[in-house]
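Undergrad: Turn these sequences into a full structure, and let the hints steer you where they fit.
One line per chain: the protein sequences are A and B, in this order. Using the numbering used here, the first residue of the first sequence is number 278, and each one after it goes up by one. Using the numbering used here, the first residue of the second sequence is number 43, and each one after it goes up by one.
Note that these hints are calculated values from the structure, not bench results. Ideal Cβ placement from N, Cα and C applies to all residues, glycine included. Honestly, I wouldn't trust all of these hints.
For the chain A half of the interface with chain B, some residues (derived, Cβ under 7 Å), not all of them [to be verified]: (1) G297; (2) G316; (3) N326.
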Amino acid sequence: MSEKIKVLIAKPGLDGHDRGAKVVARAFRDAGFEVIYTGLRQTPEQIVNAAIEEDVDAIGVSILSGAHNHCFSEIMNLLKHNSIDDIMVFGGGIIPEDDVAYLKSIGVAEVFGPGTPTDDTVKFVKANVRKGNE
Amino acid sequence: MSFDASLVGRFLKGDKRACARIISIIEDRRRGYEEYMEALQPHVGSAYIVGITGPPGVGKSTLINRLAAEYLHAGCSTGVIAVDPSSPFTGGAVLGDRIRIGEIALDPKFYFRSLSSRGSLGGLSEAAVDVIRVMDAFKKEIILVETVGTGQNEVDVMRACDTTVVVTMPGTGDDIQAQKAGILEIGNIFVINKADRDGCERTLRELQSMLMMNPLNDKYETPIILAKSNIGEGIAEIKAAVDKHRIYLETSGWFSVNRAERNARAFKNIMNLKIIDEINRRLSRAENYEEIESQVKNGALSPHRASVQLMEYIEKKILHHSAE
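TA: If you want it as structure tokens, here you go:
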């Protein structure tokens, strides 16, 4: 038996900068996670559909375009609409402090800004996903 | 976690989340996963399974997503299972095959699942065969299975699928020589992808001459298809070739023979794994097991001598004990 923690790393919106997303994906891999990477310019619908099909434990959303409030709330709404409450959502990218508070208020578990050591992100996810706590 | 009949109920009604969860239970080999396989068993058997294999970088993912779109447009409920390699060091994996899914991602008749090879070296993962069965029970009419990029010996796919498509590309001339005894033997259909690249003619000739050396079969001629899957060229031809191979299998009787063998092999593989697990579990309780292991590590005892000692232990203490 080998239960792996699965994380979807998603890039919504129109910015094409996926270096950060790839670095984080790699860090999760190196920590023994299974990472599903979906590529650039995914719609919230595609992200939630991928999360469902792959049965992931967490969705990490990387966004640098400034559309984070819109994209995250779409994703959170779609999860709610599908009555999904066991997938943790976290984020990364250029997101101002004020917006972080808003994102947390709609259910985003944590937001990791530029310069966050990847270890911190990995530890946070490991400690907070459903599977890790069982 | 115990067996959840309502999960199966939702699965049979076509609930994607239930399907995803059951796949995870089976992929992880969670306690009681066999009960789910058992519950789905009556619903397995109607899907046609196509394996897509070939070296890394020849365009398997792109091809498979184009082919899936072709099947969806024809009205077929379609599943894709894509296997990517796991890290030999951490067991982790980055599964990136979804990147190539185009506009079909949200088609309600489509289901895509990524799998990590989880240390398996045969091109698929150990659980892949069972995941195929789950998708079959989920009423997928066509299931496309993409292996990890393969070299010579990753032939599991042939054993798990009805039709095996081997994808290559121009400029792999020497590789083809090297692969003669490997994956090139298992193809029912060959595709030379990226056919606009230099050296396509040569690769085609080499494949043709290799196929001419295969035993003659007057009922089925292995096709070689030129494709540029990034722009969709050759995809309809691949689908037509799969249909043709399917008709051949069904009219020649090989279809049911192959499937019977597949069932028997699945049974044997499962038994082997369970026997090995159980014996190892009991063996690790042997009082001198750690001692023997450390002697092997420091070279005081040869692995062969140690294996003889432990086999004696298995014979005396485990097998005889159970027989009583």
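Undergrad: For the hint on A:N326, just tell me whether its beta-carbon gets within less than 7 Å of chain B.
TA: holds, 6 Å
Undergrad: Under 7 Å is the threshold here; is the Cβ of A:G297 close enough to any Cβ of chain B for the hint to stand?
TA: Hint on A:G297: violated, closest Cβ of chain B at ~15 Å, above 7 Å.
Undergrad: Tell me if A:G316 is really an interface residue toward chain B, meaning its C-beta lies closer than 7 Å to one of theirs.
TA: holds, 4 Å
Against the hints set out earlier in the document, a violation occurs for number 1 only.
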